[in-house]
Amino acid sequence: MEKDRTNVLLKKDTMISLKNLARYEGKSLTMLITEAIEEYLGKKERAKDFEIIGIGSSSKSDISENTSKYAKGGK
Amino acid sequence: MIVIIETSFLYALVDKNDKNHKKAVDLIKEKANGCTFVVPFICIQKTCQLINANMAGGVEYAFLNGVLKDFNIEFANHEDLARSLEIMARYEKESLSFYYACLTAFAESLKTNLIFGFDLKNLEKIAPHGFKSFKLNANP
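Protein sequences, first through last, are from chains P and S. Those letters in the first sequence? Residues -6 to 68, by our numbering. Those letters in the second sequence? Residues 6 to 145, by our numbering.
The set of hints was computed from the structure by calculation and includes no laboratory data. Beta carbons are placed, not taken as given, at the ideal position from N, Cα and C, and that holds for glycine. Honestly, I wouldn't trust all of these hints.
[Unchecked claim] Under the rule of at most 25 Å between Cα atoms (straight-line distance), these lysine-lysine pairs were calculated in the DSS-like manner:
1) S:Lys74 x P:Lys41
2) S:Lys98 x S:Lys28
3) S:Lys24 x S:Lys126
4) P:Lys41 x S:Lys36
5) S:Lys137 x P:Lys(-4)
6) S:Lys74 x P:Lys37
7) P:Lys(-4) x S:Lys28
8) S:Lys36 x P:Lys62
9) P:Lys(-4) x S:Lys51
10) S:Lys126 x S:Lys51
11) S:Lys28 x P:Lys37
12) P:Lys53 x S:Lys126
13) S:Lys28 x P:Lys53
14) S:Lys34 x P:Lys36
15) S:Lys140 x S:Lys98
16) S:Lys126 x P:Lys62
17) P:Lys62 x S:Lys137
18) P:Lys37 x S:Lys36
19) P:Lys20 x P:Lys36
20) S:Lys28 x P:Lys41
[What the hints assert, rightly or not] Here are some of the chain S residues that sit facing chain P, going by a computed Cβ distance under 7 Å:
21) Tyr16
22) Asp20
23) Asp23
24) Val43
25) Phe46
26) Glu97
Produce the complete structure using the sequences and hints provided.
Now the structure itself:
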């Protein structure tokens, strides 16, 4: 899987807890941080309700299949 | 898995009278847990155009609010635009427009060939770098 690098500044006490947890679980810091972020993002993703669903209606039913034609007008 | 959400898919989500509305809603809800949805900025502009040309006022604003909240938006940089031009030149015989070349450049920079949309005939013969073709509304 493609990966990107980033730098994060953590509070001293967070870092101490993280290092201890990593030792206890036998995992690397990278592994633990990745797990934590993925779990957090997973919760956020599930919470999405996609507010744009059904917020409008037009008089035509085929606009999504002919976007170029309908972008030019025709209410 | 990264999935590009194209204009026609965004529009189908918005318009409850569109024939692909239910298909779009079902697909995005089904894939919400395992996929990262990315909307190229160029698709937001085009969807706004469609909304303004075919729907009542107020929908555009609500649409923009919702997109900002629920989707990851990608903006084109100079490299993406330069790559779009290369792609246009490569597919000159197919008369590939800047819009579809830009989508292809985004796909390449995101290293994905997954795209959700209902008006993507122009991408059927296009191979983003690193892939044999796009996977349209495919199961990631």
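> Hint numbers the structure violates, sorted upward?
Replying inline: The structure conflicts with hints 2, 7, 8, 9, 17, 24, 25 and 26, although it agrees with all the remaining ones.
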